[in-house]
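Asker: Just so we're aligned, residue 1 is where the sequence shown starts under the numbering used here, counting upward by one.
Hints were generated in silico from the structure; no laboratory data involved. For every residue, glycine included, the Cβ atom is placed at its ideal position computed from N, Cα and C. Mixed in with the good hints there might be a few duds.
[What the hints assert, rightly or not] Simulated DEER-style distance windows between Cβ atoms:
| no. | residue 1 | residue 2 | range |
| --- | --- | --- | --- |
| 1 | Thr-93 | Asp-130 | 36 to 44 Å |
| 2 | Met-222 | Arg-189 | 26 to 34 Å |
| 3 | Arg-220 | Ala-65 | 15 to 23 Å |
| 4 | Thr-43 | Leu-237 | 23 to 31 Å |
| 5 | Asp-102 | Arg-142 | 40 to 48 Å |
| 6 | Thr-93 | Thr-208 | 24 to 32 Å |
| 7 | Asp-130 | Phe-44 | 45 to 53 Å |
| 8 | Ala-63 | Glu-111 | 19 to 27 Å |
| 9 | Gln-188 | His-122 | 44 to 52 Å |
| 10 | Tyr-100 | Ala-124 | 34 to 42 Å |
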Amino acid sequence: MPVVSSSGHPRTWWRVLGFGLLLPLCPGTLSAAEVTAAGADATFRQHIAACTSCHGEHGEGAADAAPRLAGKPAAYLALQLRYFQDGQRKHATMAYMVRYLDADYMREMAEYFAHQNVPYAHIAAPALTDDARRRGEQLAHRGDATRGVPSCASCHGNRLGGVQPMIPSLNGLSAEYIQAQLDAWRAQRRGAREPDCMAVVANRMQATDVQAISGWLASREMATTAEPPEERVPEPLPGWCRLEVDRIPG
1 MPVVSSSGHP
11 RTWWRVLGFG
21 LLLPLCPGTL
31 SAAEVTAAGA
41 DATFRQHIAA
51 CTSCHGEHGE
61 GAADAAPRLA
71 GKPAAYLALQ
81 LRYFQDGQRK
91 HATMAYMVRY
101 LDADYMREMA
111 EYFAHQNVPY
121 AHIAAPALTD
131 DARRRGEQLA
141 HRGDATRGVP
151 SCASCHGNRL
161 GGVQPMIPSL
171 NGLSAEYIQA
181 QLDAWRAQRR
191 GAREPDCMAV
201 VANRMQATDV
211 QAISGWLASR
221 EMATTAEPPE
231 ERVPEPLPGW
241 CRLEVDRIPG
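Taking the hints into account, I'd like the entire structure generated from these sequences.
Answerer: Below you can see the structure in the form of structure tokens.
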């Protein structure tokens, strides 16, 4: 986490600025354009160091609660950063990290992680009973019409790898992280602009459903290479979940 100066601004920015000012003084035969490009790349990597320290160098995620960012739709990632800023997603560390970022820079970071294609981080498979495994698979691929719960695949894609431009992948995430997000929606600690589709879904699920789907998603063997998000949802979204892309802030 960046150290905070007496002015309340992270000192990371001053270290970055100093690094950028020193670049023209470095010896060598680089052209002005090469120096500028190198400086811009180094500065950007300094800026995202707070992200990569938890989420991995390329956003591959960690085995604990730090989720995978790599390959998720850029528009989705940028919007989540905005939600951390305005409090619709509640996480003290993330709120601190994005406090001083403007919309353009958040989009730049989102684009960076969206274009990373790296193997999935190893996640220990949680212990599941046979009943929980069957229930998790049902919710993932068929849903539960009796409770008004659509399948995960109907929104997140047949491979559960996300759909452009706003639906994230469910692959490569730990059971702890998935369950924490579903619990946050159920407890109104996580929200989104209307329509808040996942809040509706999560609150139609029982606590045992949350555990089953979280464990089932995290227990799957993932391919070495991640596939990109799909271009369209497999079937029309429910009437109460009409995502309007033109309402994305910024």
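Asker: What are the numbers of the hints the structure violates, in ascending order?
Answerer: Of the numbered hints, 4 and 9 do not hold.
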